Amino acid sequence: MHLSRWKTLLALLFSITLVASACAGSDEAATDDSAATDDSAATDDSADDSSQAADGGEMMVFSGETVIVTGPERDDPSVGALQESLDAFGEEANLVIEYTGDSAWEEQINIQVEAGTEPDISFFPQPGKLADFYRQGDIQALPDSTASIVRDNWDEGWLSFGTVDDTLVGIPAKTDAKSLVWYQPAVFEEKGYEIPETFDAFVALANDMIANGDTPLCVGIESDTATGWPFTDWTEEMVLRFEGPDVYDQWVNHEIPFNDPAIVAQMQAVIDLWNTEGMVFANGGSIQATNFGDNVQPLYDGTCLMHRQANFFASFFGNVVTDDGESVILGESDDPKAIDVFYFPANDGAPLLTAGIVAGAFHDKPEVWAVMEYLSSPAHAERRQEAQRRISGNDVSGYLSAVQGQDMSVYSPIEQSFIDILTNASVARFDASDLMPSQVGAGTFWTEGTSLVAGSIDAQTAADRIEASWP
Amino acid sequence: MATPVINEVPGDADAALGNDGPPNDMRKGGTGSTTGARLHGLLTRVPLWFIVLIWAIPSLGLFINSFRDRQAQNQSGWWRVVPSDLTISNYDTVLSASSTASMTDSVLNSLGIAIPATIIPIAVAAFAAYGFAWIDFKGRNWLFIATISLLAIPLQVALLPLLKLYVGGAHVTVPFTERTLTLIPDWDLQGSLTAVWLTHTGFAMPFAIFLLHNYISGLPRDIFESARIDGADHFTIFTKLVLPLSVPVLAAFAIFQFLWAWNDYLIALTMIGSNADNFPTTIRVANLSGDFGRNAFLLPSAAFIQAFIPLIVFFSLQRFFVKGLLAGSVKG
Amino acid sequence: MKVLVTIVGVAISVGVFSALWVGVNLMFNKATKDWPLFSTLVGALLGFILFVVLHGNELLINPLDEQMDQSWIGRFIAFIWLPAIAAAVGGTVGWFLGRIDDPSTRLAIGIGTGVVAALVIAFMLRDGSGVITIGDGRETEPERSYLPAFRPFALANWTIIGGAVGAGWATLRKSNLIRTVAIFGSIGWLIGAFAASQLGTGPRIAAIIACLVPGLALGYVVGTSKIPNIVGAARIDEGARPWIFVGPAVFFIFVALIAPTILTLVLSFQNADSTEFVGLENYGTALSDPANFDTANWTNIFTSRIFILGLILFAIGLLLAMALGRQTGHTAQVDPPSGAIGISGIALVFFAIVTTLRGTIVNNLWWVFAVTLIATSLGLAIAVLADGVRFERVAKSIVFMPLAISFVGASVVWRLVYQSRDPSQSQTGAMNAAWVAIGRTTSDSSIGQIIWGILLVGAVLGFAYAAIRTLSNDVNMAVLYSVLGLIPIYLLYRLATGGFGALGERNGEFRGEPIQTLSEGPWNNFFLMIVLIWVQTGFAMVILSAAIKAVPGEFIEAAKIDGANDSDIFWRITIPQITPTIIVVVTTVIVLVMKVFDIVRVMTNGNFGTNVLANAMYAESFQFRNVGVGSTLAILLFLSVIPVMVYNIRKQQKEIA
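Protein chains in written order, with our numbering: chain A, 3 to 473; chain B, 8 to 339; chain C, 20 to 676.
Calculated from the structure, these hints are not laboratory results.
Among these hints, one or two may not hold up.
For the chain C half of the interface with chain B, some residues (derived, Cβ under 10 Å), not all of them [stated by the list, open to error]:
(1) T280
(2) I401
(3) A633
This structure is a prediction, so every number in the text was calculated from the model and none was measured.
Every residue gets a Cβ at the ideal spot worked out from N, C-alpha and C, and that includes glycine.
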């Protein structure tokens, strides 16, 4: 037998174990060490920084506590920029703030709450989930002092998404505008298309395009495990535009059933629009197989002329293969291939579909509230936006905040136009699927919507099944 | 009674993954004539290499695309690669320490999980396999069957209970009273690599015992009997006889377990939770594609780095692999 | 520093673990060889464990109280001194009991030790004056007292229950009645005195009584024991040894698998947030949900082309079997060609059923059937084909390699294969690129059509030639070649009637429609399965290949002398010889496939009708927080694997017997 060889192997494996696990370092003491170094550095600098950063109010300085923040944003530029902004505050307030982003955040936060390992603060893209946790007693309501600071920073409309049963429990950490249509101004100009002012004009424009042999829309609803959400966005836009905000709210709160004729009609309206001959180009061969981000290329190439998508769509333009090898220019520009946005119009008023991230706190501790206050402040928005633009190297960083009192110069012109759209909306509503219970909003609304788009069921069946799944 | 094949035909076992050695000649052309033999050879080799080609294509695509930049990957398939396309910028990004996408730390974390998660279950399962195979005790069969049938448990069911154990320890409430007694104290393990490899150790048990028992129970009975007559105790027999004789199966299981622990995503994710410093490679790769998959172009290079070490381990230990697996399944 | 700390940590845990195990083994080796030493060690160990448990549960006045500011070494010493003393005392007692065989001295030692230990514990029990603060940063707990205030009725009850259990045990095991009753009665007394009474309000004297009674009883038990003779010592060794070997594994299995499974079973009878019992409601929900089991379109089975093709193949196989059977005198001879054709017919019928009935459970069945069948038979085919071929090692390594790639990695790999683009774009997925290229050359290009025609005609002629060549001495192979020859003939027919591959045109231009690999049901399921087949075939191949090489050469030689041809040897010698191996491979793959999760989770998340049980369970439990239904699905999954496991275990049992 190969005894000696086996012994060598064993010895080798063992020594690798030691070295590797040592380098890998799960050890708590080590973490403490590094934290301690950070602390000392922080204490040195804190005097300089707190003077410039504290907006009038006095700055609380802690003694190096750690605040754990988690959320679904998990890659650059978002994570780098967020951590940079948190670090800046950590230095001022002598806190160690660690952000962890995770693709399975949605399941992990449930597991962590169940097991009692929840973070101090988590970012919820779905306010509905935040509300669930609050009602179960896991999320802490903002103390009055924090709440008043947050109310100073934000418009009441935005705070409504973090308000559960008249209590402020969450603060907006990021706000997105969804009712945007991306297009190429030069092509519109060349072909004589006008930016539509009403929804009817939008449909008429699309029909004109078809008549001229152009494909008006790019649509894709594939998004890995969240496949289907762009369809829910379209449905929500239609409900908001044609049934009004009251019906929208009733729908979200399940005061009318999901298979109410009004909702079924709007689901059908989306499908009818998309199924119009020549209306849609889908880069993946079919709407349900196309990743919504893959539509940047046909939009750039002029294969399709319009794409309704939120402001974070901008981060996909780095994928485009451009004629000159440079990156795509976004916003108003002389460049013939530049891409710009217009507001997705409505027949009455200017209703806006929004989304974003709401931060909620799991632990009632002073350092947690200090971080929450910071997250709601213009200083955080400015720092994150500045860092995110730098890291992304784009005109559109993918980050947007509607916080009041921020220095608008950190935003590029096109981003400023997003913020204008955000702040000028006559009616703003948060993405309905994010407000519904997750079985529906992150479950059947997506999956049945996908089946509907694929044509395997009709709108009534889809709505019936979604209604049946409502908990 | 099962005869262990291992000790009788080691050459054959060695050749199972191919050593270009002489084959059993029965599978060579039986038709006799030269044309027939050639035809036969052709009909053997063409389908074989066709299948092998199909098996290789997906990995090849991954490898090539990992050297192409974002735009090239989006524009055309990897088979349209031109030398001027090639760049190591993707590797730069995923390996650079500054980037949040950095894989460097996570490789070490993965090793820190996979190596203890390989060695410790091997030890524990080897004891148990010997106990089940060669120590006579009441309820042995019953216990063994129960152990093996636990192979059927989907590991997802155990995630939350185990996490709770690591967070709060185990306590038992004495019946009909309010008193609780601590069985396992709170070791505060969540977020640590220890929690991950402990979990792997538990989940690995049924398969490890199954595999090792197959082999160890197949060792010739005479060895044990003569050793017992000489007055050797179980401990001596185990360390002096069984362990050296079981090297192949231990190595075979080591490969399996290392690959499993290295490639695991779910256990690591649950047990490490929000301690990003300890993320292993799989979580890094899964997070890399980013919000809505906007950074999907980094995936091929990251996936290649992720697969590199298990491939090395596998190819360096494969000669043991077949021998170890054989005993359980091949009965002469 | 970090490196050093971790090295020490891992080394200590591995070292302590192995030292413990080796130590216990060596200790029991002494039972037959050096009883006094063994007795000493047991005494020390029992003393140590008793005080560690008491200490660990903070039942005793805690020496840590004053030491909390110390380093971890200081805290360790503060923790360990009492158990260490207990170990020393226990060891001494053990040493005496191991040497002295005078019954009255033994009784005195036993009872004396019991009384002293009871008094020590009773006086050290926390009475609420101590403040519990442990370690750094942990909160001060409210003061606790463990001095009991008796409830005589409960105390008597528990003691009687314990004594009765002991009496029953003694009768069953035919052991000493008084000693057994004393042991179990003491346990009952302890429960009655501490668990079933009001703690914290009693006087110290109650604690003394509570400890003294079991101390006396157990002291009596120890004191009346005798030094065992060599047979008795061997029996102790034999009784304990299996558990030393099996114990650690049983511990891990219990904690990681059994306890969670029991918990899951309980949860499956409870509602979504586990607050009340709902009986079998979750099982009803899970089984009646059309998402899990949808039979709505079952009539379509009979009109599906696959179903009809499957029936035709099955009929051909049956006819062939009967024709062959006529030669040999049997009613039907199930033999390679007929058997293979018949089995593929059955497989197609099954495919027709699982592609028409929809739902998570049906999908799981489909996965198990398709992945197991294809991975095993492909693995076998490669093992046979590669045997002895030049570069065998290279070929097998390539096939085996995917086993080393994570499912996360595999999903990245296959995304590059499966991607589809609009027909007007250049395809970036390898499979659709090939599909479109085939479509283009067979339908849109005359040169392409000519080349395809030549290739296909060549293939037909080749198979025909091969069939004729082998007809004389190997009918089976001839039939196989003829059946395979039908494929190019069918493709030729398609070529003549518009081509094959991705077809379609717009405005007179070729516009091959790619396959929507992951979103077009029901076949998207199959494309997901291919990923697992890609991973698992190598496993099947390696094991089957080893088995084939282990088939004794003499058998084959003998068969050849008898004039057997290649397929005779394969079907009549190789296959029967390796059947046990095939069964092991099949069961291993089935168990793995039943639990398939990662591939589906990452690639489709169960959308487009591709859900499987493990993913549904994960989503219900952790995403939708519907723990009841999630646990139910887990139990269903477990139950459905049980038959396979039972079969495998019974087979094992037979082999052991």
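Original post:
Failing hints, ascending?
Top reply: none
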